[in-house]
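Asks: The primary structure of each chain is shown beneath.
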Amino acid sequence: MALETTLDQPKKKVWGGGISPFNVSWGKMYMWFFLVSDAFTFSSLLIAYGVMRHRFTEIWPKANDVFTHFPFLEGHIPLAYVGLMTFILIMSSVTMVLAVDAGHKRDNKAVAKWMLLTIIGGFMFLGSQAWEWYHFIEGNEQGAYQMFDGRIARIATDPTTHELDMNTLVLPSGEKVTGAAAEALKAKAEHIHGANMVRNQYGHPLFANFFFFITGFHGFHVFSGVIINIIIFINVLNGVYVRRGHYEQIEKTGLYWHFVDLVWVFVFTFFYLV
Amino acid sequence: MADHQHTGDEKEEKKHGYYTGDIHNQFVEEHRVENAVGLIWRTFWILLAITVFEVGIAFTSIPHNILIVVFIVLTVVKAYFIIAFFMHLKHERDALKYSILLPFILILYLVVMAIAEGNYLNIMG
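Chains as they are written, first to last, in our numbering: chain H, 1 to 274; chain C, 275 to 399.
I should point out that these hints are in silico values taken from the structure, not numbers from a laboratory.
Positions of the beta carbon are idealized from the N, C-alpha and C atoms, including for glycine.
Check each hint, because a few of them may be wrong.
To spell it out: a stretch of chain H is covered by chain C in this simulated footprint if at least three of its residues, at any positions, have a beta carbon under 8 Å from a beta carbon of chain C; those stretches are [stated by the list, open to error]:
(1) 22-29
(2) 75-86
(3) 156-166
(4) 186-200
(5) 244-252
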């Protein structure tokens with residue numbers, strides 16, 4: 001009965017042992033500090049992106065010129081698709097926190113339902129990201145011309161109608177070249193489409209490198225989160241937490257899942273908005 | 275929140291949960307947040323409204339410098355709502371809150387230093 005004595009008469013000192021000073025379980029505290037370290041990793045990546053963006057301000061691609069597609073719709077539609085991805089991830093965060101809440105109420109069926117919806121949301125986000133990557137890698141029909149020094153000459157577009165002017169090239173400096181000069185430039189340059197780790201039709205290749213690394217690293221976090229959620233979902237179906245008597249595992253998983261949503265909020269701002 | 279009304283010696287007894295009493299004797303929390311579901315959906319609508327607002331003002335003729343400041347402020351607001359209500363940090367003890375949040379002062383420091391460095395490299399060509 002030593003245990004009950006500890007519970008009934010806690011020691012006077014908060015850090016004296018026998019009680020939980022932070023009022024959290026060790027597992028949850030580990031998760032929090034893991035997330036702090038992971039947040040530092042993501043911060044460093046985004047800061048590195050910021051440095052290179054300020055280093056190459058003049059020739060850095062604008063996200064609104066790069067990500068302009070929306071499924072089943074034609075034309076120039078920037079931001080809408082990534083806005084939808086943000087909505088999907090926020091929505092799956094809501095279903096996750098509802099699963100945590102159902103766990104507090106010891107409602108196993110409701111926990112299973114909300115976990116399943118969270119997993120579906122995670123897969124929807126991963127699919128959306130694959131679609132986004134596909135369009136970035138493929139590029140567009142007109143492509144761009146990579147000059148011998150590696151810089152990109154883009155095909156001019158009307159700033160309001162977004163119609164292409166195939167006879168005019170825009171140099172990284174903003175200077176426009178038309179007619180015979182443009183033809184001469186095209187003859188010496190390489191016609192490229194899309195982006196990969198070494199070249200990027202939309203501008204500086206570093207933009208593509210950071211895009212692949214940061215959204216890829218985030219996407220891998222989402223993928224791991226989905227796998228963890230699936231394991232927890234199977235446990236819920238098998239009644240593991242009914243037997244255990246509490247649903248704290250859902251909370252710990254939930255912390256990780258919300259963190260993934262949190263990182264996306266920052267990626268959305270720094271890659272697409274500013 | 276009856277827990278917050280305790281004073282003096284009772285403060286040390288303040289608990290948000292119980293010990294499992296099994297071999298691990300793990301401390302398990304029980305958040306007694308009133309109207310938790312209502313709070314979740316309110317947070318969701320706030321996050322959605324901010325996101326829609328951000329996408330909306332991106333296409334206006336507001337100068338880009340002002341937009342950047344607005345976007346970053348709104349991002350921090352969104353982060354606050356996710357951390358405070360989805361991750362329940364608002365309902366944790368102050369000691370835990372500060373041990374999680376204070377290290378990010380270093381990140382702010384790194385942002386200022388690194389962006390200044392980026393601008394310097396740009397000027398140097």
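Asks: Could you work out which earlier hints the structure fails to respect and list their numbers in ascending sequence?
Replies: The structure conflicts with hints 3 and 4, although it agrees with all the remaining ones.
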